[in-house]
Amino acid sequence: MAGFLRRARGAAGKAVDLSSGHHLPNLRPGKQPPDPSWLPRQRRGTTPQMVGRYPDYDVFDARDTWDEATTRVVEERMAVESGGPLSFFREDEAATLRAFCDTCTAQDSDPRVPVAELVDQKLAKGQLDGYQYYDMPDDRDTWHLVLAGLDEVARSRYGKEGFGALDAEAREALVGQLAAGALSSASLDRLNVKRAWSVCMRMILSAFYSHPFAWNEIGFGGPAYPRGYMRLGPVSTREPFERPGATSEDPVRVAPELEG
Amino acid sequence: MSLSLTRRVLKGALGPPANDSRFLLDPHRRDLPGEDTMARYPDSEEVDLCVVGAGAGGSVLAQRLARQGWKVVVLEAGPFWHPDEDWVSDEAGSHHLYWTQKRIIGGADPIEMGKNNSGRGVGGSMVHYAGYCPRFHPSDFATRTLDGVGADWPLSYDELRPHYELVERELPVAGQDWPWPEPHSYPYSPHPVSQAASVLWQGALKLGIQMRVGPVGITNGVFGNRPHCIYRGYCLQGCKVNAKASPYVTHLPDALAHGVEVRAGCMASRVELDESGRARGVVYLREDDPATPRLQRAKVVAVACYSIETPRLLLNSASPSFPNGLCNNEDQVGRYVMVQGASQTAGRFPEELRMYKAPPPEISSEDFYETDESRGFARGFSIQTVSPLPIGWAEHVLADGHWGRALREYMRDYNHWTTVGVLNELLPLPENRVTLAEEKDQYGLPVARFDYSQCDNDRANIEYSTRVITDILQAAGAQDILTIHRYAHLIGGARMGTSPDNSVVDAHQRTWAVPNLYLADGSVCPTQGSANPALTIMALASRLAEHLGGRRPG
Ligand SMILES: Cc1cc2nc3c(=O)[nH]c(=O)nc-3n(C[C@H](O)[C@H](O)[C@H](O)COP(=O)(O)OP(=O)(O)OC[C@H]3O[C@@H](n4cnc5c(N)ncnc54)[C@H](O)[C@@H]3O)c2cc1C
Ligand code: SF4
Numbered sequence: 001m002a003g004f005l006r007r008a009r010g011a012a013g014k015a016v017d018l019s020s021g022h023h024l025p026n027l028r029p030g031k032q033p034p035d036p037s038w039l040p041r042q043r044r045g046t047t048p049q050m051v052g053r054y055p056d057y058d059v060f061d062a063r064d065t066w067d068e069a070t071t072r073v074v075e076e077r078m079a080v081e082s083g084g085p086l087s088f089f090r091e092d093e094a095a096t097l098r099a100f101c102d103t104c105t106a107q108d109s110d111p112r113v114p115v116a117e118l119v120d121q122k123l124a125k126g127q128l129d130g131y132q133y134y135d136m137p138d139d140r141d142t143w144h145l146v147l148a149g150l151d152e153v154a155r156s157r158y159g160k161e162g163f164g165a166l167d168a169e170a171r172e173a174l175v176g177q178l179a180a181g182a183l184s185s186a187s188l189d190r191l192n193v194k195r196a197w198s199v200c201m202r203m204i205l206s207a208f209y210s211h212p213f214a215w216n217e218i219g220f221g222g223p224a225y226p227r228g229y230m231r232l233g234p235v236s237t238r239e240p241f242e243r244p245g246a247t248s249e250d251p252v253r254v255a256p257e258l259e260g
Numbered sequence: 261m262s263l264s265l266t267r268r269v270l271k272g273a274l275g276p277p278a279n280d281s282r283f284l285l286d287p288h289r290r291d292l293p294g295e296d297t298m299a300r301y302p303d304s305e306e307v308d309l310c311v312v313g314a315g316a317g318g319s320v321l322a323q324r325l326a327r328q329g330w331k332v333v334v335l336e337a338g339p340f341w342h343p344d345e346d347w348v349s350d351e352a353g354s355h356h357l358y359w360t361q362k363r364i365i366g367g368a369d370p371i372e373m374g375k376n377n378s379g380r381g382v383g384g385s386m387v388h389y390a391g392y393c394p395r396f397h398p399s400d401f402a403t404r405t406l407d408g409v410g411a412d413w414p415l416s417y418d419e420l421r422p423h424y425e426l427v428e429r430e431l432p433v434a435g436q437d438w439p440w441p442e443p444h445s446y447p448y449s450p451h452p453v454s455q456a457a458s459v460l461w462q463g464a465l466k467l468g469i470q471m472r473v474g475p476v477g478i479t480n481g482v483f484g485n486r487p488h489c490i491y492r493g494y495c496l497q498g499c500k501v502n503a504k505a506s507p508y509v510t511h512l513p514d515a516l517a518h519g520v521e522v523r524a525g526c527m528a529s530r531v532e533l534d535e536s537g538r539a540r541g542v543v544y545l546r547e548d549d550p551a552t553p554r555l556q557r558a559k560v561v562a563v564a565c566y567s568i569e570t571p572r573l574l575l576n577s578a579s580p581s582f583p584n585g586l587c588n589n590e591d592q593v594g595r596y597v598m599v600q601g602a603s604q605t606a607g608r609f610p611e612e613l614r615m616y617k618a619p620p621p622e623i624s625s626e627d628f629y630e631t632d633e634s635r636g637f638a639r640g641f642s643i644q645t646v647s648p649l650p651i652g653w654a655e656h657v658l659a660d661g662h663w664g665r666a667l668r669e670y671m672r673d674y675n676h677w678t679t680v681g682v683l684n685e686l687l688p689l690p691e692n693r694v695t696l697a698e699e700k701d702q703y704g705l706p707v708a709r710f711d712y713s714q715c716d717n718d719r720a721n722i723e724y725s726t727r728v729i730t731d732i733l734q735a736a737g738a739q740d741i742l743t744i745h746r747y748a749h750l751i752g753g754a755r756m757g758t759s760p761d762n763s764v765v766d767a768h769q770r771t772w773a774v775p776n777l778y779l780a781d782g783s784v785c786p787t788q789g790s791a792n793p794a795l796t797i798m799a800l801a802s803r804l805a806e807h808l809g810g811r812r813p814g
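From first to last, the protein sequence lines stand for chains A and B.
Numbering-wise (our numbering), the first sequence opens with residue 1 and increments by one.
Numbering-wise (our numbering), the second sequence opens with residue 261 and increments by one.
These aren't lab readings, by the way, just hints derived from the structure by calculation.
One or more hints might be untrue.
What the hints assert, rightly or not - Straight-line distance between alpha carbons at most 25 Å, and here's what the computed PhoX-like set of lysine-lysine pairs gives:
| # | chain 1 | residue 1 | chain 2 | residue 2 |
| --- | --- | --- | --- | --- |
| 1 | A | K194 | B | K362 |
| 2 | A | K194 | A | K31 |
| 3 | A | K125 | B | K362 |
| 4 | B | K700 | A | K122 |
| 5 | B | K559 | B | K331 |
| 6 | A | K125 | B | K700 |
| 7 | A | K122 | A | K194 |
| 8 | A | K122 | B | K362 |
| 9 | B | K700 | B | K466 |
To be verified - Okay, the calculated bits of chain A under chain B, using three or more residues with CB under 8 Å as the criterion:
| # | stretch |
| --- | --- |
| 10 | 202-213 |
| 11 | 230-237 |
A quick note: this is a predicted structure, and the numbers were derived from the prediction, not measured.
We put the beta carbon where it would ideally sit given N, CA and C, even for glycine.
Sequences and hints are given; from them, build the entire structure.
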C-alpha cells in the first residue's frame, strides 16, 4: 500500500491531476518535473525504467499490422543491447559515453533504451545529418571532444578519473552547464559548446525516440503501414488498439493489482 | 459551364490531360513502373535533353518534353527507389531519403540542412516533403514594385496560372475552395480534419483568423491506381501508400513510358562546354565506379539540382572562359538563396489529441500573407498545422530548453499536444550565398558552403508571427506552450531576372551565358512568398517545357 501511495502522489505529496497539466516542468517551481514515481507501473510491454503513461499499451501488440521493411528496421533496433559492444568509440570512452547518454535521457536503471550503442552505430556507419557549422569540426570529432571535455572537467573539478565516476547530481550539473554552453576545458574550448550540445542531443534523442520502449512510454502508435488510422476525431477518439493514458483516477484502478 | 464551375462540380472525375502516370502505377506494388523496360541511351549518343536531378522541376520537364518526342536522359545522384523495400513507416529509418552529403553552414544565422531541406534520389525532395501545395500570390511576382523589398520576377502570376491549374490536377491537390489570393477551387475535396488540428482551428476562429483545409497534394479518393490516403501520418518519411504526390508517382511513370531514361546513382560533376561556348553535355560520376568520369552528350542541358546543388554544380564547372564558375562572370551564381522562417509552437490540452494521426499538413491560413504596414514590416507569413512524430517532438522540447527528466516528462505528454507553424517570407539578400568550401565529398568534388544571415525585416516578421500562433493556442485554451524557431524550404541561388547583371537566367530559365543551358528547379525563383514552393517549381518547369516544346533541337 505504501508503494501505491508513493506512486499515486507527486513529489509534492499531492495527487497529480493529468488533465490540469500540473506535472509539466514549465508550470512547476524551478521548472523541474515531479519524481517519476508518481507514474503508474507499466503492465504491458516494456518502457525505459518501466515508467510510462500508458500502462496497458504495447506497440508490439500491433506488430502483425506492420509491413516487412519496417518490421525489419524495428527488429534490428531491438536487437541492439544496452551495454553491448561499441565500434566507433574507443574502449576508454565507453564509461563516459554511457554516463552522458544516460544523464541526457534520465535513464538511471534498466530496462534501458540502448542510446549509447545506437549512437555508436550511426557514427560508425557515418550516418550524419548533412551539415557542419563553419566553426565546428566533423560531428564525429565533436563527439570525441565532448566526451574528453566531460572527463577533463570531472578530473579538474571533482578529482575523479572521469565523468562516469561522478554521482548523478554532479553529472546533471555538468550536463546542465554543457547545455547552456557554459562548460570549459581544453577539449571543449576547441568547440562552440552550444552547437556541440545540439550535435550530441540530436543524435541522442533520435536514438532514444526511435525505440519501441520509448513509444510505449509516450503512447505513440508506432509503424502504421499498411494499417493506417481510421479515427481522426473528434477529440479523445481512439483506435481499438490505442490505450487511454493514465489519469488521476488511474491509481485507484491499479490498486488491487498492486496489492494482489 | 465555366471551367472553374465544371471543376467544382466534377472534382476528381476530371483527370489531367497528357499525363497517364496514375494509370501506369501498379495498385499492389509501389515500384516506379517501367524501370526494367526503360530506354537506355549510350553516353556517346547526343540526346535532345540531359536533365540533372530527378526532383520536382527536372521530372516535370522530362515528362513534358518526352511527350513531344524528345530523347531525354535524367541524371540523378541518389538511388532509384523501390518503396516497398526502401521506405519505412519509421522516423529514424528514413535517414537515407535525405541529402546528407556534407554542407558547410555559416553566416550570422546558419541554416541547419539535412532532413529538413532536401532529398536525394529519384523523385527528389518531394519524396519526403510534407505535401502542402499552395500557389504563390500575384504580389510575390512584384514585391519590389509593390513593397519596395525583394525583387520583381520577369514574369507574372497570370503567365503561371494555367500551369498551376494543370499541375494541381496532376498531383492532384485536395482542399477547400481557396479564398486567397484570387479565389480558386481544387480538383479534390478537403480531407477530414484530425482532432489535433481541429483544436487549432477553434483557436483561430476565436481570433477571427480564417483557416481552410488543405491545400495538399494527397489523394482524397482514388486517383487512377493511386489509393486513398490512409492517414498514417508518415508523409515526411516518404509515402508508402502512393497517396502523397511526388514526381515519383505523378510524372516519372509517364516519363518512362515515353522514352525517358532516369540514370540513378550518377553524380553530375560539371557541365561541359564546346569551343563555341554551347553546352556539350554533362560529366558525371557513377556511384559504383566513381573514378571514371563519363560524358553524357546532349543538345540541351537542364540543371535541376535545387538551391544548394545547382549553384554548386555551376561553380564546380569553371573553365577558362568562366574562371569563377559557369555562368558566374557577373558574380550572380549562388546569391539570393532564401529559406522561410518556420517557427512552430505547440500547445498542451487536457484531452488526448494524438497528433501522430493524419498527414501533418492539414489546415492553413493566408490571412497574413500580404504586407500590412501596421505590423511594422514588409510582406508576411502563412500559418499551417504540422504534427511532429516523436523524434521531431523531442527536438521541439529540446529547443525550449529541456533535457533529461524534464524532457522525458514532456515527451510522455506527447498525446496531449498539438502544433501549429508559420512560413515567413524572408527577403532575398545577395550575401546569403552558396560558395565552394575547401572540403571535398566522396567524389572529390568541393562541397557547398551556405552562408545565411537575417535582416531586420526578417526578424520582425518572425517575432510577430510567433505571437500570432501563440495567441491561437492561447485562444484555444492551451495550458502550456513550447516554441521552436526553425527554417524550411530553400529557394533561389540562380535567380531569373531581366539582365545578366541581376540574375543568372532569363524569364524562360535560360542561362544568360550559355544558349542551350537551362535551370529548371527552385533555384530560379527571385522571391518565395509565404507559400511552400513545390507546386510553383513544378508549374515553372511545366511553363518552361511549353516554351521549349515546339522547338525540338535539330
Ligand atoms: C522535409 C521537407 C518538407 C517539405 N515540405 C514541403 C511542402 O509541404 N510543400 C512544398 O511545396 N514543398 C515542401 N518542401 C520543399 C520541396 O520538396 C522542394 O522545394 C522541391 O522538391 C524542390 O524541387 P527541385 O526540383 O528544385 O529540387 P529537388 O526536388 O530537391 O530535386 C533535386 C534532385 O537533384 C539531385 N541532385 C542534386 N545534385 C545533383 C548532381 N550534382 N547530380 C545529379 N543529381 C543531383 C538530388 O538528388 C535531387 O533528387 C519540403 C521539403 C522538405 C525536405
Ligand atoms: S498520411 Fe496519407 S499521404 Fe501521408 S504518408 Fe500516410 S498515406 Fe501517405
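Status of each hint after checking the structure:
Straight-line distance between C-alpha atoms of K194 (chain A) and K362 (chain B) comes to about 20 Å, which keeps the hinted pair within the 25 Å bound. The hinted pair formed by K194 (chain A) and K31 (chain A) meets the criterion: a straight-line CA distance of about 21 Å does not exceed 25 Å. Taking the CA atoms of K125 (chain A) and K362 (chain B), the gap is about 15 Å. The hint holds against a cut of 25 Å. Only pairs whose Cα atoms come within 25 Å are accepted, and K700 (chain B) paired with K122 (chain A) is accepted, the gap being roughly 21 Å.
Proposed proximity of K559 (chain B) and K331 (chain B) is supported: the alpha carbons are some 10 Å apart, at most 25 Å. Note on K125 (chain A) and K700 (chain B): the hinted pairing holds, with a Cα-Cα distance of about 19 Å set against a maximum of 25 Å. With a C-alpha separation of about 21 Å, the suggested pair K122 (chain A) and K194 (chain A) falls inside the 25 Å cut-off, and the hint holds. At most 25 Å may separate the alpha-carbon atoms for a hinted pair to count; K122 (chain A) and K362 (chain B) meet this at roughly 15 Å.
The hinted pair formed by K700 (chain B) and K466 (chain B) fails the criterion: a straight-line CA distance of about 53 Å is larger than 25 Å. Counting residues of the stretch 202-213 of chain A whose C-beta lies closer than 8 Å to any C-beta of chain B gives 7; at least three are required, and the coverage claim holds. With a cut-off of 8 Å between beta carbons, the stretch 230-237 of chain A has 8 residues touching chain B; three or more are needed, and the interface restraint holds.
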